[in-house]
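Starting from the known structure of chain V, arrange chains S and E on it as the hints suggest.
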Amino acid sequence: MLDIESIDVYYGKFQALFDLNMRIGEQETVITVGPNGAGKSTLLKAISGLQPAKRGKITFMGQPIEKFPPHKIVELGLVYVPESGRVFPNLTVIENLKIGSYTRRARVHFKPSLEEVFDLFPRLAEREKQIAETLSGGERQMLAVARSLMARPKLILLDEPSMGLAPLIVSQLFKFISAIKKGGYSILMVEQNVVKALKLCDRAYLLELGTVKLEGNREFFGKEEYIRQSYLGV
Amino acid sequence: MKRLSFLFVIGLIALFPVVHPSPYTLHIATLIFIWAFIATAWSYMGRFELISLGHGAFLGIGAYTAGLLFNNAGVSPWVGMILGALIAAGLAGIIGFACFRFGVIGDYFALLTLALGEITTLVLVAFREHTGGSLGFTLNKVEPSLWALKFTNKVSFYYVSLAFLLAAWFLWIVIDRSKMQKGLRAIGEDEIAASTLGVRIVRYKLYIYMISASVTSMGGVLYAWYISYINPHTLSGVGPSLDIAFKSILGGMFNLLGPAIGSALIVILEEYVRVVYGAKFVGISQIAYGMVLVLLIMFLPRGIYGSLSALFKKMSGLSDRK
Amino acid sequence: MTVLILNALVNGILLGGVLALLAFGMNLIFGVVKVIHMAYGQSVMLGMYVIYTLTEIYNVPLISSCLIAVIAMTLLGGLMHLLVVQKLLTANRLNQLLALAGLIIVYENFAQVIWGADLRGIPVFLPVFNIGEVFIKTSNLIAFIGSLVVLGLLYFFLHKTYIGLAIRATAQDVECARLMGINPKKIYLTTMMVGSAMTGVIAAFFTPIYSVHPHFGGSFTMMAFIIVVLGGMGNLMGGFIGAFVIGIVTSLTGALASIEAAEIVALIIFVLVVLIRPQGLMGGKQTR
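Chains as they are written, first to last, in our numbering: chain V, 37 to 270; chain S, 85 to 406; chain E, 4 to 291.
Possibly wrong hints are sitting among the right ones.
For lysine-lysine, the following BS3-like pairs were computed, each having C-alpha atoms within a straight-line distance of at most 30 angstroms [as the list claims (entries may be wrong)]:
#1 V:Lys49 <-> S:Lys397
#2 S:Lys398 <-> V:Lys49
#3 V:Lys147 <-> E:Lys90
#4 S:Lys398 <-> E:Lys90
Simulated from the structure, these hints should not be mistaken for laboratory data.
Chain V with its partners taken away, still in its complex shape (with noise of 0.2 angstroms):
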């Protein structure tokens, strides 16, 4: 579904990543783990168009995207939902849900989409007409998390979601990943709570100074002795 060959991104003068390659299945869930500054939130913003690479190839769904701007690859159905719950302040819950269904395609399918992620998140219908900005800061990841979902997307990467929310909240959000797992959408997550990440995902990578160092399926990464010193603290 989504191929990534070899790719380089800058900032300005600074290198982020080197000669990167991943690939994403249908209906499959790949974490990516790493230190901070490993460059994931980069590779996603390289992945949506925010932050372009500079060189290689990125195909989804036999489009060649690394040229696309934004709004084109989330028409085609990639959608990211950036770090720390990042919604539109000053519109309301409903307003941000209904603007994540901007595009074409999504727009006919507003209420039905509406219906989908009132119920699998019903602390959203309750505060269905409040102002984005007072919620909760697990509200909000919540809230920009179904927002993507509005977009009817074929693939959601979703940046660092567990980031500043408390234990329970993380739980709780991990609980609604997983049912949006079930829901057959296909994730790219990237993540720093490893323990709980490895949980849900079917492969993953992991992301060093701007490199792939370690690519498998769950089960190899839970017993990669690297893994478990480095990141499982056993």
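Frame of chain V, contents of chains S and E only:
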């Protein structure tokens, strides 16, 4: 080497009237000198990212102070010039203090100076019994003399305005060598960092604002005396304020010669179109002028001279510093 | 005396309605495209000239002229955006200010060349009626009611349509808006055109009230600044309130002192706001 060639060119300019005393050329040159003087004064501030869109107010203060004193009390414009400069500096001091103390910078500062320029014009118009309102007034006719800044021929004003321009350049160089210049550059680049390093932000900004204001007001006197007529819309307010900014930016406000070059180009451009299309179509020249300005700001934000000199520096491998 | 004040108050409120439209347009453009439209009043001026030319010279019925003017101004706004504003979006604020100020020169001189410097007006005779001792010009009343209607329509547009929602989202977070599938370039163009369309509408309301001349726009551009800064730049509600404040203040000062005094008072309010509370009445954090 550079200094020698500079002096050589100045020498040529100075000798020019002796060689070729055509009144028309002298007229254009004088206008260029006067506006170059005013634009350079504006750039004292502009080069440090302190953009004032209200310098017309200072032109007006200079012109009206000297003009009213001259017409009503026979006071010499030289004295009037000094008084006007003091008042301008005073006004700049008050505005500057209020702004810099309250941290008004950037475009808020620019808009504020715009408003103040407008207020000055309105006030000048409002006191119409004394100032002649929207129509302004003409200077009294007197016997020609240096004291009254009135002459029988164009050559004298040519030299007077050239002298003023050279003085403005000299002042620029003096400022450039001063401690204040380094402080202001630091402020221009990163104000917060500068303040933590102990750079006296408010004081330096205030000084440069007051200097710029007082020199500009002298330019107002020069111009008023050259055309013998003082009008609140040509010598104060939004029009001249923007005009000054444009002349400086067009030529490149970060360089010594930039404002002069910008002024020269604009004066010549306006004259050219006026001559070619006749006075009726002066509007067209202004339209073209406006469009050229817009295009220049869009594509050459450092002005013609600034961009050219940056280009030369790049080509010769030197670093590009403001 | 009270009659004078009452009349000034009422007229100030009526004026406030149109000023609210003026402020709305500027705020919309500033909030979304993040540029200050320096030539807004001058655009209104051009709109009035269009109406004048169509009505007086080509004998087009007034209402049609007004509609054509709105369309013309919308197109001009779009053109201005594509040719000038778009390239300035990445420039620093000063260059934006100056380039758009350059447009003031272009517009004003364009008007002067084509229509000359004399006042041009359309003789529209609308009755003046009175409620008790307060005299109200119908032209002012129409402008007031019309402005409120237009503002209502704009509110509906911004809150109930997808594109209106997209405009509001873009104003709050452009990058995030991109991730919703919104093309910011389209939004900027649309916003500029909507803002410019409003100058046509304002021109239509002004036509029965004022005569136009090439420098007509100047004081209205200044007035728009003052209101917008007073209310909080980019804040639509603030602009609405600010418009009425300024409308009433200038009307009262004009009646009690003089028109110039009114302008000076408005400018002083501007200066004070910038110095003391630059985020305006309704602005949130200080964004100096």
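We went through each hint and held it up to the structure:
no. : hint                 : in the structure
1   : V:Lys49 <-> S:Lys397 : holds, 23 angstroms
2   : S:Lys398 <-> V:Lys49 : holds, 20 angstroms
3   : V:Lys147 <-> E:Lys90 : violated, 39 angstroms
4   : S:Lys398 <-> E:Lys90 : holds, 25 angstroms
Violated hint: 3 only; the structure is consistent with all others.
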